[in-house]
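Put the two chains together into one complex, using the hints given.
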Amino acid sequence: MNSAVQQEDETSWWLRLLRGEPNALAFFYERYADWLLKYGLSVAYNRELVQDSVQELFIQIWNRRENLTVPQSVKYYLMVSLRRIILKDVMSARLTTDLFPDHTLAVDDQPGVDFEEVAEANVRKLQAAVRALPPRQQEVIFLRFFDKMSYEEITGLTGLDYQVLRNTIHRAIKALRQALIHNIDLLLPFFLISAI
Amino acid sequence: MNYPDFNEEDFAADDFFQRWVLEQDIESESFWQNWLVDHPEKRLIVKKAQWIVQNVSFTETWSPAERAAMWQTIQANLIQNIKEEAPVIPLWRRLGWVAAASIVLVLGSVGLFYSRWSDQEIRTSFGEMRQIKLADGSTVTLNANSTLKVANDFLEKPSREVWIEGEAFFDVTKRIVKAGKVPFVVHANNLTIQVLGTAFNVINRREKIDIALEHGSVKVVDEQNTTNAVVLKPGEKVSRVAQKAPLVKQAIQIEDYTSWKEKVILFKQKSLTELAEMMKDMYDIDVVIDNPALKQETFTGSFPADSAEVFFDKLEKMYPIAIHKDGKVFHLK
Numbered sequence: 002m003n004s005a006v007q008q009e010d011e012t013s014w015w016l017r018l019l020r021g022e023p024n025a026l027a028f029f030y031e032r033y034a035d036w037l038l039k040y041g042l043s044v045a046y047n048r049e050l051v052q053d054s055v056q057e058l059f060i061q062i063w064n065r066r067e068n069l070t071v072p073q074s075v076k077y078y079l080m081v082s083l084r085r086i087i088l089k090d091v092m093s094a095r096l097t098t099d100l101f102p103d104h105t106l107a108v109d110d111q112p113g114v115d116f117e118e119v120a121e122a123n124v125r126k127l128q129a130a131v132r133a134l135p136p137r138q139q140e141v142i143f144l145r146f147f148d149k150m151s152y153e154e155i156t157g158l159t160g161l162d163y164q165v166l167r168n169t170i171h172r173a174i175k176a177l178r179q180a181l182i183h184n185i186d187l188l189l190p191f192f193l194i195s196a197i
Numbered sequence: 032m033n034y035p036d037f038n039e040e041d042f043a044a045d046d047f048f049q050r051w052v053l054e055q056d057i058e059s060e061s062f063w064q065n066w067l068v069d070h071p072e073k074r075l076i077v078k079k080a081q082w083i084v085q086n087v088s089f090t091e092t093w094s095p096a097e098r099a100a101m102w103q104t105i106q107a108n109l110i111q112n113i114k115e116e117a118p119v120i121p122l123w124r125r126l127g128w129v130a131a132a133s134i135v136l137v138l139g140s141v142g143l144f145y146s147r148w149s150d151q152e153i154r155t156s157f158g159e160m161r162q163i164k165l166a167d168g169s170t171v172t173l174n175a176n177s178t179l180k181v182a183n184d185f186l187e188k189p190s191r192e193v194w195i196e197g198e199a200f201f202d203v204t205k206r207i208v209k210a211g212k213v214p215f216v217v218h219a220n221n222l223t224i225q226v227l228g229t230a231f232n233v234i235n236r237r238e239k240i241d242i243a244l245e246h247g248s249v250k251v252v253d254e255q256n257t258t259n260a261v262v263l264k265p266g267e268k269v270s271r272v273a274q275k276a277p278l279v280k281q282a283i284q285i286e287d288y289t290s291w292k293e294k295v296i297l298f299k300q301k302s303l304t305e306l307a308e309m310m311k312d313m314y315d316i317d318v319v320i321d322n323p324a325l326k327q328e329t330f331t332g333s334f335p336a337d338s339a340e341v342f343f344d345k346l347e348k349m350y351p352i353a354i355h356k357d358g359k360v361f362h363l364k
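Chains as they are written, first to last, in my numbering: chain A, 2 to 197; chain B, 32 to 364.
Hints listed in this document are in silico derivations from the structure and should not be mistaken for laboratory results. Some hints here could point you the wrong way.
Said to hold, decoys possible - Listed next, the in silico DMTMM-like pairs over lysine to aspartate or glutamate satisfying Cα-Cα at most 25 Å (straight line):
(1) B:205 with B:305
(2) B:364 with B:305
(3) A:39 with B:293
(4) B:280 with A:67
(5) B:264 with A:11
(6) A:149 with B:305
(7) A:39 with B:91
(8) B:205 with A:31
(9) B:326 with A:115
(10) B:299 with B:167
(11) B:264 with B:72
To be verified - Here are some of the chain A residues that sit facing chain B, going by a computed Cβ distance under 8 Å:
(12) 34
(13) 68
(14) 127
Backbone N, C-alpha and C define an ideal beta-carbon position, used for all residues, glycine too.
Excised from the complex, chain B in its bound form (with noise of 0.2 Å):
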């Protein structure tokens, strides 16, 4: 190849120069990482090429109300076995009114705050959602069991300062005081997420952590060792399972992040163990997983946020479970 007369059109084509920047395996990253020691007159046309591969993107998004009527359709046209299936009894009919209501979805208001004078503390119960508009515009959308903290001087102060245990859809509007930018800051479990203007998905539960970046970019930082940091890219999360644990980055579908929001619960390969402990902390449902071996079956799917019934109908159909209710207790057998 003769890499010297590239210019960043070459560079971007080139296939081994494609594998240095979306792999980096260590072949490729030796080679150019020496080249341009080599040609350190190359290195602009270097990054220009770089950022045009990493920054190709297809961004179109489909709504899960779109999947959901596609589904529908798809339904519809398969050719049923003609197999006579016993009636079924809807689940939520067994196991009687008290599982349907105590999920029912409470329809959060749109309250204002002015936190001129104390902290304000804004808590939602088991299967509430509140959205809730700060003093400089943005909006938190509350999901269930969750509590968001807003300093009292929340706008006086030089950086926006919020508190959120519990999970929550963070849009934030950029806010500029005499020419300079005034941050927004979310405190999480010793986390502290750095924004600028941006939308992202806060989970801080069980001292688990998981951060979303939808739009815009965000950085993390663990409080008790600054260098610990990292900056996401929209599509990225970054999680730590436990105080002191390493932070984690990794690719993924937003909208398994956001769709919450839309009332639609989305689970991709989430284990029973896992699914057990969101029923308790978003609609206090206690579920008890009584054969071992199931605790590692995953699961893939949605429900209506609104309906858990249907969540417990999909499980039942999935797997050669049986679930009883006893008294408050959800039992999987």
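If we strip away everything but chain A, and leave its shape as in the complex, we get (with noise of 0.2 Å):
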């Protein structure tokens, strides 16, 4: 979808749901709980905390509507408020992270027999690598290969300085080759007969 249409779209449901009109909340609810699930967990691994603060987040935005105004982005809105709960959770220590499910840490280093099962292997891992990350570095990791958000937009959301938000991608980069250092390689005879 044109994302000036989408905009203008979100635009009206704001100004719905202002006046308090209960469908507008279930339609930014449909719309983004699920890609808050997702961000929150590169935030905090957490599966209840982020459960709570995103419930948290639609009752604030509800009962706080006379204060509101009009966003530019719903998506980024809601994004940076998110953020802010589950820091202030995870600030007043009340939870710890999630351990990652182990049976996808131990993925087994038998080389494949074709493309598919190599780069399956590659794949699990390095996501196991990302959740292995400290939290900061598994976030902006989230923000620039996953959402695909530019430097500036990071560092607005984030409040990170530039060159600490560079730096914290090329760390974090470092630990995924790190955790990928033997198995990448069995996909370069794979690579060597595809086009770039």
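Below, the structure written as structure tokens:
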């Protein structure tokens, strides 16, 4: 969908929300709950904490709607707000992070026979490595590589200095590369015969 | 930038390199393609960096049930307007029993099909959903008003072949015979879906086809022009809106295409026209939109697969719509 159209559409829904239409809250929940839960897990890997925070976010928006204005981007506004709620809870040391499920870490190192299997094993290893990163690094990796936000947008959202952001991404990539150090070379024969 | 000295780590962490892999804009695309021509010895390092950037994924999912439970908690905590509302008669009461009865979901039995004698055909009726276990261990969940055909020599042929009309979710098991993999092939209205071991959803209704991949990988080929082919990655779908139309690939939330298996029907930004078609295809409920201005209105939401009255109810609350039933037809005004 054209993003200008989507924004206009969202603005009118947001206005309905400010006027107190419950359906408008449901509209934003349907549209963004999944995405916020995913993003929330990159801020703090704890499903219960993230669920609570997303609930709190929507409750706050409704109960405080008299004081709200129309944001330029609802998605961005929701992400910033969710991040604040999660970090507040993390700061108060209420909860720790979940363990990443063990079976995904114990990826067998048997070289596969075809590209599909080798690639799948590598993807699983990479996923486990991402989840093993410190929280801040997970979040910037999510925003840059998964949400495809620009560096400028990420500094705006996280409050990280540009140079700090670059260093954080570099450190994260280094850790991911370390995790894949032997496995990724199994992909080389397939890279040789494929076009860029 | 000192690109010739870069290792894969440096490339993957470079903003401009990421732009090429993630956004493929013209500037970065032409720069990197040219750069590779000048530095062919860096090709493999670049490939590795590219692979890392592309494959970072966050796959945790949340079930429709979890989402629904969260929504209940939210609603319980909202400070409500004090304004008294007029008592509302539940819609299904006004519609009467026929509507409720016509959308009862018949829970399917799991049947085993050994197709040794002739082609097997399994058909579901309106509002019925059925799970089928094939002789190779693969399972097919067949949605309402759909037909699955299985070749008679399903296990003997070099490839396992089935045909689908309507909607189905396939969970295909890998099959290896004499150290060779046996492909699984789904035919849908002149499209061929080639599979090794994977799970995906197919919609083949009204000439429109929609194939959404949950995990694994599939290749979709146009039978009338085999150069017209698309390879799907998890979380992508390919669709074709009419015969001979091009195949279009796009990223999706896979739950939007698979939640029906959990008996939750999800809509995102669906026009009322599309919804009317769906009610007809799945429940044989006729929905007529009397006010042309409504046709392009969109609906985002969900309803339990076995109670379409919730759907009409939500619709009535979201829009200034009057719904009334005339014989077997629902009119939206």
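**OP:** Hold the hint about residue 68 of chain A up to the distance rule: shortest CB distance to chain B must be less than 8 Å.
**Re:** 13 Å, violated
Original post:
Is the Cα-Cα distance between residue 39 of chain A and residue 293 of chain B 25 Å or less?
Top reply: Between residue 39 of chain A and residue 293 of chain B the Cα gap is close to 21 Å, so the pair holds against 25 Å.
Subject >> residue 264 of chain B paired with residue 72 of chain B [C-alpha distance capped at 25 Å] >> reply: 29 Å, violated
Original post:
Can the restraint linking residue 280 of chain B and residue 67 of chain A be considered satisfied, given a maximum Cα separation of 25 Å?
Top reply: Violated, at about 42 Å.
Original post:
Under the criterion that the straight-line Cα-Cα distance not exceed 25 Å, is the pair residue 364 of chain B, residue 305 of chain B satisfied?
Top reply: 16 Å, holds
Subject >> Pair hint outcome, residue 264 of chain B versus residue 11 of chain A [Cα-Cα no greater than 25 Å] >> reply: 30 Å, violated
Original post:
If you draw a straight line from the CA of residue 205 of chain B to the CA of residue 31 of chain A, is it 25 Å or shorter?
Top reply: 36 Å, violated
Original post:
Given the hinted pair residue 39 of chain A and residue 91 of chain B, is their alpha-carbon gap at most 25 Å?
Top reply: Holds, because 7 Å separates the two Cα atoms, which is no more than 25 Å.
Original post:
Is it true that the CA of residue 149 of chain A sits at most 25 Å from the CA of residue 305 of chain B?
Top reply: Outside the cut-off at roughly 31 Å; violated.
Original post:
Is residue 299 of chain B within 25 Å of residue 167 of chain B, Cα to Cα?
Top reply: With Cα atoms ~35 Å apart, residue 299 of chain B and residue 167 of chain B exceed 25 Å; violated.
Original post:
Minimum Cβ distance from residue 127 of chain A to chain B below 8 Å?
Top reply: 6 Å, holds
Original post:
Quick one, are residue 205 of chain B and residue 305 of chain B close enough, alpha carbons at most 25 Å?
Top reply: 36 Å, violated
Violated hints for the displayed structure, listed by number in ascending order: 1, 4, 5, 6, 8, 9, 10, 11, 13.
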